[in-house]
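Peer 1: Full structure from sequences and hints, please.
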Amino acid sequence: MLAKDFDARTIEPKIIEKSKKIIAQTVTQNRKNETFTITLPPPNVTGSLHIGHAFTSVIQDILLRFKRQQGFRTLGQPGLDHAGIATQIVVSKQLEEQGIFWKDLSRAEFIRKVWEWKGKSGGQILHQLTRMGMSIDLERVRFTMDPKSSQAVLKAFTTLFHAGLIAKAKSIVNWDPVFKTALSDLEVSNREEKGTLWHIRYPLAREDGTPSEDFIVVATTRPETLFGDQAVAVHHSDARYQHLLGRRVCLPLTTRTIPLLADEHSDPEKGTGLVKITPAHDFNDFAVGQRHHLTPLNIMDEAGRLISPVPKEFCGLPLQDARKKVLEALESLNLLEKTEPIVHSVPYNDRSGAVVEPRITDQWFLETKKLAERALEAVETGRIKFVPESWANTYFEWLRHIQPWCLSRQIWWGHQIPVWSTPDGSMFCATTEEEAQQLAAAHFQKKGGPVPPLTRDPDVLDTWFSSALWPFSTLGWPEDSDLLKKYYPTNVLVTGFDIIFFWVSRMIMLSLYFLDDVPFKTVYINPLVRDKHGQKMSKSKGNVIDPLDIMDTYGTDAVRLALAGLAIPGRDIRISESLVEMGRNFITKIWNVAKFLEMHQCKGVPQNFDVQQVEHPLNVWIVQKMKVFRRSAYEHLENYRFDLFTQSFQHFLKDIFCDVYIEGIKTCLAGLAPLKALSEILEIRQTAAAIWLEFLKMAHPAIPFVTDFLWSEWGQPDSILTAGWEPEAFEAPPPEKETYCLAELYIFVASEVRSLKGMLDIPPSEKFDLFVKTFSAPEKTFLEQNQNWLKGLCRFKDLHIVDDLPLEKGRVCFVVQERDFCLESPAALDAQKIKAVFQKKIEQLRLDIQKIESKIQNEAYKKAQPQGWAADQRILVQKQNDLAKWQGVKV
RNA sequence: GGUCAUGUAGCUCAGAGGUAGAGCACUACGUUGACAUCGUAGGGGUCACAGGUUCGAUCCCUGUCGUGACCACCA
Numbered sequence: 060m061l062a063k064d065f066d067a068r069t070i071e072p073k074i075i076e077k078s079k080k081i082i083a084q085t086v087t088q089n090r091k092n093e094t095f096t097i098t099l100p101p102p103n104v105t106g107s108l109h110i111g112h113a114f115t116s117v118i119q120d121i122l123l124r125f126k127r128q129q130g131f132r133t134l135g136q137p138g139l140d141h142a143g144i145a146t147q148i149v150v151s152k153q154l155e156e157q158g159i160f161w162k163d164l165s166r167a168e169f170i171r172k173v174w175e176w177k178g179k180s181g182g183q184i185l186h187q188l189t190r191m192g193m194s195i196d197l198e199r200v201r202f203t204m205d206p207k208s209s210q211a212v213l214k215a216f217t218t219l220f221h222a223g224l225i226a227k228a229k230s231i232v233n234w235d236p237v238f239k240t241a242l243s244d245l246e247v248s249n250r251e252e253k254g255t256l257w258h259i260r261y262p263l264a265r266e267d268g269t270p271s272e273d274f275i276v277v278a279t280t281r282p283e284t285l286f287g288d289q290a291v292a293v294h295h296s297d298a299r300y301q302h303l304l305g306r307r308v309c310l311p312l313t314t315r316t317i318p319l320l321a322d323e324h325s326d327p328e329k330g331t332g333l334v335k336i337t338p339a340h341d342f343n344d345f346a347v348g349q350r351h352h353l354t355p356l357n358i359m360d361e362a363g364r365l366i367s368p369v370p371k372e373f374c375g376l377p378l379q380d381a382r383k384k385v386l387e388a389l390e391s392l393n394l395l396e397k398t399e400p401i402v403h404s405v406p407y408n409d410r411s412g413a414v415v416e417p418r419i420t421d422q423w424f425l426e427t428k429k430l431a432e433r434a435l436e437a438v439e440t441g442r443i444k445f446v447p448e449s450w451a452n453t454y455f456e457w458l459r460h461i462q463p464w465c466l467s468r469q470i471w472w473g474h475q476i477p478v479w480s481t482p483d484g485s486m487f488c489a490t491t492e493e494e495a496q497q498l499a500a501a502h503f504q505k506k507g508g509p510v511p512p513l514t515r516d517p518d519v520l521d522t523w524f525s526s527a528l529w530p531f532s533t534l535g536w537p538e539d540s541d542l543l544k545k546y547y548p549t550n551v552l553v554t555g556f557d558i559i560f561f562w563v564s565r566m567i568m569l570s571l572y573f574l575d576d577v578p579f580k581t582v583y584i585n586p587l588v589r590d591k592h593g594q595k596m597s598k599s600k601g602n603v604i605d606p607l608d609i610m611d612t613y614g615t616d617a618v619r620l621a622l623a624g625l626a627i628p629g630r631d632i633r634i635s636e637s638l639v640e641m642g643r644n645f646i647t648k649i650w651n652v653a654k655f656l657e658m659h660q661c662k663g664v665p666q667n668f669d670v671q672q673v674e675h676p677l678n679v680w681i682v683q684k685m686k687v688f689r690r691s692a693y694e695h696l697e698n699y700r701f702d703l704f705t706q707s708f709q710h711f712l713k714d715i716f717c718d719v720y721i722e723g724i725k726t727c728l729a730g731l732a733p734l735k736a737l738s739e740i741l742e743i744r745q746t747a748a749a750i751w752l753e754f755l756k757m758a759h760p761a762i763p764f765v766t767d768f769l770w771s772e773w774g775q776p777d778s779i780l781t782a783g784w785e786p787e788a789f790e791a792p793p794p795e796k797e798t799y800c801l802a803e804l805y806i807f808v809a810s811e812v813r814s815l816k817g818m819l820d821i822p823p824s825e826k827f828d829l830f831v832k833t834f835s836a837p838e839k840t841f842l843e844q845n846q847n848w849l850k851g852l853c854r855f856k857d858l859h860i861v862d863d864l865p866l867e868k869g870r871v872c873f874v875v876q877e878r879d880f881c882l883e884s885p886a887a888l889d890a891q892k893i894k895a896v897f898q899k900k901i902e903q904l905r906l907d908i909q910k911i912e913s914k915i916q917n918e919a920y921k922k923a924q925p926q927g928w929a930a931d932q933r934i935l936v937q938k939q940n941d942l943a944k945w946q947g948v949k950v
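Numbering (my numbering), first residue to last: 60 to 950.
In short, the hints are calculated from the structure, not lab data.
Hints are supplied without guarantee of correctness; some may be wrong.
[What the hints assert, rightly or not] Pair by pair, the computed Cβ-Cβ distance ranges are:
1. T612 with K832: 53 to 63 Å
2. E198 with G663: 53 to 63 Å
3. D273 with P327: 18 to 28 Å
4. D889 with I627: 19 to 29 Å
5. D557 with E432: 16 to 26 Å
6. E456 with I401: 20 to 30 Å
7. E674 with K63: 31 to 41 Å
8. S913 with K832: 46 to 56 Å
9. K63 with Q210: 49 to 59 Å
10. K63 with S248: 44 to 54 Å
11. N357 with S635: 31 to 41 Å
12. D557 with S271: 50 to 60 Å
13. S913 with A887: 38 to 48 Å
14. S913 with E674: 42 to 52 Å
Predicted model only: the values in this text are computed from it and were never measured.
Note that beta-carbon positions come from the ideal geometry of N, C-alpha and C, so glycine has one too.
Peer 2: Have a look at this one:
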């Protein structure tokens, strides 16, 4: 006997345990020879499951389970990302709590600590994913820093290096002065902030370089960088300053003079039209500097403090303090003309919270232009498909304007760059130090000198570099492995739009380069999860929904159902706890259906049963409905419409299976049916069981736990994980069959009767007699034979099939689908109410008729769509008949 | 400044060139042995606005307005 409720907490762990084996097996063995692969986006090793992970995981798992059921050899490749900076922060903080400062450790010691930490507390998220029901084989977990992945990274880097695509260059980069490392453009996010625009006087220089009385005014938000100024620029067209071009100005607080240049960068509309050029600390100024051959002057150290050649009294000051002091000094010299509040955007590193400072340093860059061209082509030609398609535009846009990728980071945790150099600046890139030694030996032998000592580049690679190799490195690349042959390219990538640039495009670029193939065929971009008000979830806002918490409260299936139901092809979705509650309610509904079926011996019925052979009208009807719904559910999944998928099976269970079928068969099963109907009861039990099992299979990808549990309860020998439900594998009697049509018709009649009763305020429990005017001989037979279940649906006491329907006291006559009915209720009926209800019916019909008439009177419609026109014509006739009958009904 | 979305019931959102949908909320009724984590019934929308294409537009096209996201710029 099933318990009163579905006890998710007890059952879920058992199902997870039970499924492990089959999940692992079906990677390599299943009914079909074809494979289906999803490379799961590797979460940070420091990560803990949040609702965003939960959402994207559910989508991936639905696909995995669906394909596994269809017989594919299904691989969900799990893994973890070493998350360079993020992990370094977490571990540093932990060490600090133990009183250890990472700076006091050697690099090797620190890295050992990180590995220790990973062994103890890293990767918890994988177990959380399993709790979500992710059907992945944890034996296959890979890590971006494991030996195989590291090998792939080395191979990729050296190959790109020797192809001339990776090179070291002195260039301006985004610099994080807190972490003291370079960042890629993508890691910088701008925030609008209130700031100040300071108007500073730069005196014009006399011939001898001394300041004159005259000055120009330069507006800036960053006065402290003036020490790095190498020019002041004005637009060619700006008439105000033409006469000054070629003059030099004195740089305040210094003894230097700098030229006044004409450059298009300067915008006459902005500030004073004069802009100070600081090539070492501004991306635009760097470009201006290159155009005019200015030497960038670095005035900032790695921690963002001012350094020589800045005047002594400013040296060593952090930027904020320097700014104050500079302004004071300018003020005292009367060089500060005015201050103006403005709103401007300031670049931040989200991870450290530091203001990012552009700074010139030596960094490793990957030349991406060529790679991007092929990546563009792969999507343009349809080799890779974005779902929804519009995201391809975002992808195109970025790749068309791609900049070199700054690969190097000045941190310790990550893949160290495999380049060794000698003091003379020769560089040797190799996958091992020995190899680098050999290269160096060969190099210096040619020159005839001894081999100087080699030093490895201290930088590590951007975390996204190893991520970019992930789909193929996890399958064994650079080896020509079996996995790679069978499971590559992968089928679908499921991810958020926020990492189309970071990750998606880079995987495509490098896969095309190294394997001459796309990494995946479809990119499904899932919407971003927000709270119920459309706000981003964040701890500071306190609007975070913790998936683990709500899984505890409502059960995992409920959470999965809520999330899958939200998976619309849009931009963002809103989740609230009440949605999960509704999900839980549906799981309860399933549970109650199971209890009902069990109670009525629909469990353990013989299974050698062909649904095509059913005869009872309700059985014919439900089999047909199941056929329709499983087809649509299947198609929704094929189309990545997880929302419609969950809707379709929920609708099937509640509105079709429960409200009609179960309500209908209740009377048959309750023993009210005549004894001759024993075989009929058996057929009902078998059909109910068959449909029930079909339903469990169909819903399983979204709600694996409850379906798996009940599947086993129903004694199915094979796992639900591999139970297929392809549309073509389920046949039903043709829908034109008379039994089906009559069932459909009288199910509709029943709902009309209930509706009428409701509108007339007749209590549902009130027993009444239903009279039907004979319509046709087969219909009469049908009614005679199917009174019992119709009684269940309409709740009448007796059914009378009559030739005439005289209006008598206590009777209400009505019309459904050209048929005359009459119900006789013992309760007193309110004539006014009846009149009002009937009036409404008549008006609705009139309105419908009007609309259809105007439509079919259109000759062009008749010509263009003869079939639609004819169908409308039939509907019109029927409506007109109904109207005539309604108007004839006496109250 | 550029790009991409989006506007449908009180709320959250589906939808299809041919009679406007669901869930929640709301109203009324109901615990008859699957289910109150429920059931039955009901009310509620000029499908943002203006043009165009079409026999027919809420749907396709153009424009306007509103909203959102991303990229770039930001002296």
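Peer 1: Hint by hint, note whether the structure agrees.
Peer 2: Taking the hints in turn, this is what the structure says about them:
Distance hint for T612 and K832: a CB-CB separation of about 55 Å, consistent with the stated range 53 to 63 Å. Under the hint 53 to 63 Å, the C-beta atoms of E198 and G663, about 37 Å apart, miss the expected range. Restraint check, D273 to P327: a C-beta distance of roughly 20 Å satisfies the suggested window 18 to 28 Å. A hinted range of 19 to 29 Å is violated for the C-beta pair D889 and I627, which are about 46 Å apart.
Between D557 and E432 the Cβ separation comes to about 24 Å, which falls inside the hinted range of 16 to 26 Å. Look at E456 against I401: about 29 Å separates their beta carbons, and that is inside 20 to 30 Å. Take E674 and K63: their Cβ atoms lie about 36 Å apart, and the range 31 to 41 Å holds. Checking the proposed 46 to 56 Å range against S913 and K832 shows it is violated: the Cβ atoms sit about 32 Å from each other.
Between K63 and Q210 the beta carbon distance is about 55 Å. The supplied range of 49 to 59 Å therefore holds. Remark: the range hint 44 to 54 Å for K63 to S248 is upheld by a beta-carbon distance near 51 Å. Distance hint check: the CB atoms of N357 and S635 are about 52 Å apart, inconsistent with the given range 31 to 41 Å. For the pair D557 and S271, the supplied restraint of 50 to 60 Å holds, since their beta-carbon distance comes to about 54 Å.
Distance hint check for S913 and A887: the Cβ-Cβ separation is about 42 Å, which falls inside the suggested range of 38 to 48 Å. The hinted range of 42 to 52 Å is satisfied by S913 and E674, whose Cβ atoms lie roughly 44 Å apart.
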